[in-house]
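Participant: Listed here are the chains, written in short residue letters.
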Amino acid sequence: GAGVSQSPSNKVTEKGKDVELRCDPISGHTALYWYRQSLGQGLEFLIYFQGNSAPDKSGLPSDRFSAERTGGSVSTLTIQRTQQEDSAVYLCASSLYPSPLHFGNGTRLTVT
Amino acid sequence: QKEVEQDPGPLSVPEGAIVSLNCTYSNSAFQYFMWYRQYSRKGPELLMYTYSSGNKEDGRFTAQVDKSSKYISLFIRDSQPSDSATYLCAMTDAGNMLTFGGGTRLMVKP
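Chains as they are written, first to last, in this note's numbering: chain A, 722 to 833; chain B, 291 to 400.
Among the hints, erroneous ones may be present.
As the list claims (entries may be wrong) - Each computed DSS-like pair below joins lysine-lysine, with the alpha-carbon atoms no more than 30 Å apart: (1) B/Lys332 x A/Lys736; (2) B/Lys346 x B/Lys399; (3) B/Lys332 x B/Lys399; (4) A/Lys778 x B/Lys332; (5) B/Lys332 x A/Lys738.
What the hints assert, rightly or not - Simulated coverage check for chain B against chain A, where a stretch passes if three residues somewhere in it have a Cβ under 8 Å from a Cβ of chain A: (6) 335–346; (7) 379–387; (8) 390–397.
What the hints assert, rightly or not - Some chain A residues judged to face chain B by a derived CB distance under 7 Å, without partners named: (9) Ile747; (10) Ala752; (11) Gly763; (12) Phe786; (13) Gly793; (14) Ala809; (15) Leu812; (16) Tyr818; (17) Asn826; (18) Gly827.
For the record, the hints were derived by calculation from the structure and aren't laboratory data.
We put the beta carbon where it would ideally sit given N, CA and C, even for glycine.
Isolated chain A (complex conformation) (with noise of 0.2 Å):
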């Protein structure tokens, strides 16, 4: 497709267990950024990559937190032991600098 994916778009979850959000970005964008947005709230930055490399991590709130991007294409967001605090729509976007980001539809998490 055209645009950035995201999977899954759904994801209900128990409370300590380990989850992983998945990103396909836009084909040719080395600039690949996560997200987060609470309910009425705004973007939460997490982390960005340029190319497989994470030049700023600074967003990542806690440990349980991690992100890794492969072949400069694809990366995963992995949140170990989940809380409730983490439920969230966890957003990526994607961009060939210096274009603007173009996001995905997002993965809306609960924890329960």
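With chain A's structure known, arrange chain B on it following the hints.
Facilitator: Just chain B now, kept in the frame of chain A:
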């Protein structure tokens, strides 16, 4: 104080009205400015992208940047119920990181 301030609304207008959405910012290094539209349960969609000061028009949408006042606006003419969404401003210097406003929720009533 946040780096980018945006009134959260909600802003409710009748169909056909002219809508004005605004953001103020504090970082004078910002020079690329964007407006995103986000429908419920969807990701933000790029609406307008401008560089430096001035106006840019695209159909019913006009983006305006006043760098001297650190103020940007998005105008929507002849607003439609389908324009009901949250509008996010975003900006950056020449780098890769965007700074977002918190979003304004717009409701256009038929």
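Participant: All the hints need checking, so say for each whether the structure fits it.
Facilitator: Here's how the hints hold up against the structure:
| no. | hint | result |
| --- | --- | --- |
| 1 | B/Lys332 x A/Lys736 | holds, 25 Å |
| 2 | B/Lys346 x B/Lys399 | holds, 26 Å |
| 3 | B/Lys332 x B/Lys399 | holds, 21 Å |
| 4 | A/Lys778 x B/Lys332 | holds, 25 Å |
| 5 | B/Lys332 x A/Lys738 | holds, 26 Å |
| 6 | 335–346 | holds (count 3) |
| 7 | 379–387 | holds (count 4) |
| 8 | 390–397 | holds (count 4) |
| 9 | Ile747 | violated, 12 Å |
| 10 | Ala752 | holds, 6 Å |
| 11 | Gly763 | holds, 4 Å |
| 12 | Phe786 | violated, 18 Å |
| 13 | Gly793 | violated, 15 Å |
| 14 | Ala809 | violated, 13 Å |
| 15 | Leu812 | holds, 6 Å |
| 16 | Tyr818 | holds, 6 Å |
| 17 | Asn826 | holds, 5 Å |
| 18 | Gly827 | holds, 5 Å |
The structure does not agree with the numbered hints 9, 12, 13, 14 stated previously, though it agrees with the rest.
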